[in-house]
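What follows is each chain in one-letter form.
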Amino acid sequence: MWMWVVHRVTGVAIFFFLLVHVLDTALVRVSPEAYNEVIGSYKTPLYGLVEAGLVAAILLHAFNGLRIIAVDHSTWALRHQKQLVWAVWIIFAVLMAGFLPRHLMHVFGGA
Amino acid sequence: MTAVAESPAVGEVTALTVTLKILRTNPEGTADHAAGESYWEEFQVEAHATDRVLDALHKVKWDQDGSLSFRRSCAHGVCGSDAMRINGRNRLACKTLLKDLNPARPITVEPIKGLPVEKDLIVDMEPFFASYREIMPFLMTTGTAPERERLQSPEDRARFDDTTKCIMCAACTTSCPVFWTDGQYFGPQAIVGAHRFIFDSRDEGQWDRLEILNDKAGVWKCRTAFNCTEACPRGIEVTKAISEVKKALTSGDV
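Chains A and B supply the protein sequences, listed in that same order. In this text, residue positions in the first sequence follow my numbering: the first is 78, and each later residue adds one. In this text, residue positions in the second sequence follow my numbering: the first is 2, and each later residue adds one.
Just chain B, same shape as in the assembly (with noise of 0.2 Å):
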């Protein structure tokens, strides 16, 4: 086309200095720092306010310090590997734009909490998934398997269709105070991967994983404080998933 350099197109994006504080963990130690021991770092990169705090953390593992270490693999909000702690809430990084963080002041970056840091702001995540696969999540049925798909009326598949969203990135998990405070709970993640499966009319283990949930590290353990509702990055709405799974434990009713 024939755009001309000096003529701004229209709209065009502001660049924008921003500074990230990122709290760093090295378990080997650093030239100032013991192993394992946890410090703040400054970094300034050019971005755009539409860039992602992905992107920001991206100029700054490419251009200035190598050995800064996160997770991502898609960058585009579904594979659910890079949520971190981000101005103190849970969210994905790939999701969270500058603009919407006030850039003129430092962006604080942590590791989610509650789970152990092994480097930077990637942490062990075996705890979260081991809560998960104690729920079962996959299809239990009886008899003999049908030769075509199991069908579902579309009333029966909006029953859990909130829950079938989540892409397992624990932000909701990491962001519980009960978790916090208590690695025996299973969490918000677990009881929604139970809930997906609980509430689908061609699943016949529903009890088994309320049995489970039904514990004392179960689904009790909840205090509706609705931080993970706040924090997942789905949209799902955890803490009524939660409830339907306390109320199929009173009621009796699935």
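Chain A with its partners taken away, still in its complex shape (with noise of 0.2 Å):
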């Protein structure tokens, strides 16, 4: 049950991305200076965290997804979910430790 809470969360919370960045980019036809301004804002440290927890959300989603559309196909898979839900985080923890080092180094370090 519980990737089934981190499915909707995350599903949530991408869709709330999605719906921002729809807004942020289309600034650009308003006011090509407005639009600027808001993006810079992304550069700050804040905004940061929130692209690693983004990144974390579509991650953990992507492959879940993944996990699901597997057990709606095979009895094998169906059988051992819970065994997938172990390949889903160990894959999501690999990812996450390959990206987070450089894009922190990005956010705080100004490399």
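Because the hints were derived from the structure by calculation, they are not lab data. Errors might be hidden in some of the hints.
[To be verified] Okay, derived cross-link-like pairs now, DSS-like style, lysine-lysine, Cα gap no bigger than 30 Å in a straight line:
#1 A:LYS159 with B:LYS247
#2 A:LYS159 with B:LYS248
#3 B:LYS114 with A:LYS159
#4 B:LYS62 with A:LYS159
#5 A:LYS159 with B:LYS241
#6 B:LYS114 with B:LYS241
#7 B:LYS120 with A:LYS159
#8 B:LYS166 with B:LYS241
As the structure is a prediction and not an experimental result, all values here were calculated from the model.
Dock chain to chain to rebuild the complex, using the hints, since each chain is given by itself in its own frame.
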């Protein structure tokens, strides 16, 4: 059940990201100066952390989505769904371990 | 025989004191609680490690508080009357041993979720039974009835063997997070009940049932949370049964 909760929470979070993303991109048609200001605010450390959260949400939603597709299509996956939950978290941990140091260096180190 | 009281028999079962923390509701109200208000009440009972939660509940009802209400009939895991939420999981009280529950901590006992509570651990099962009736859980055939029994190969019988084990205790349906938030959903049990007939080679009503389950409150509400499979006291692979119904609907093959 907890992967079900994770899938709902990350899904709603990604939806709101897309909503904001459509709005901020649409802003360039209204006022390029306002657009630059908004996009510039994304370079602050606070948004750097929000970005890390966004990547985490998308990774979890993507790989758990693949797990759900597997469960729907194969009896083997259905019977091993708990191991597949672990697989999702392991893939998530590996990819985040690769992404986070580099990302946080950009956000806080100015590198 | 010649057993002596002083020497404990081999493998004697240890006695222990367990605390039951029960979520109670009285529709008429009590001295301390308003009508229909839910509240936790703790009871201490002397029990053996091999006793079941149902035995502990009996001790409370028979020796401490006769007003405690719960359903049970056969008390041996066959009738499906005493499904309840024990330590946060749906189980049959008559199949859950105290020693499997960490008796050092209070054992929480709640009514199954998603159905209206009538009193203490008793819920109104009618919405649950109504869903079961809707999928027409009876043999549907055309033509004249044969003079002898309707024969079936062992392979055809095995096709739906798993879903014949259902005892309709509602442990699966009331563990489903979709059912908790949307009472319109048929719930895992009704789909299990339909599966038992849809994949029976002797039955001819499979498309009537599949059409009912193709409804927006039908199988497509299942989000494969697997709570039903984990809750089933009969070990039915509920999510697998639901998945097979989905596949029948998408492929058109039964």
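Verification of the supplied hints:
1. A hinted pair counts as satisfied when its Cα atoms are at most 30 Å apart, and LYS159 of chain A with LYS247 of chain B qualifies at roughly 21 Å.
2. A threshold of 30 Å between alpha carbons decides the hint, and for LYS159 of chain A with LYS248 of chain B the separation of about 22 Å falls inside it, so the pair holds.
3. A C-alpha spacing of about 24 Å is found between LYS114 of chain B and LYS159 of chain A, which places the hinted pair at or below 30 Å, so the restraint holds.
4. This hinted pair does not check out: LYS62 of chain B and LYS159 of chain A have alpha carbons roughly 39 Å apart, beyond 30 Å.
5. Annotation: proposed proximity of LYS159 of chain A to LYS241 of chain B holds, straight-line Cα distance about 14 Å (limit 30 Å).
6. A threshold of 30 Å between alpha carbons decides the hint, and for LYS114 of chain B with LYS241 of chain B the separation of about 23 Å falls inside it, so the pair holds.
7. Restraint check for LYS120 of chain B and LYS159 of chain A: not satisfied, since their Cα atoms lie roughly 36 Å apart, outside the 30 Å limit.
8. For the suggested pair LYS166 of chain B and LYS241 of chain B, the alpha carbons sit about 14 Å apart, so the restraint of at most 30 Å is met.
Checked against the numbered hints given earlier, the structure breaks hints 4, 7 and satisfies all the rest.
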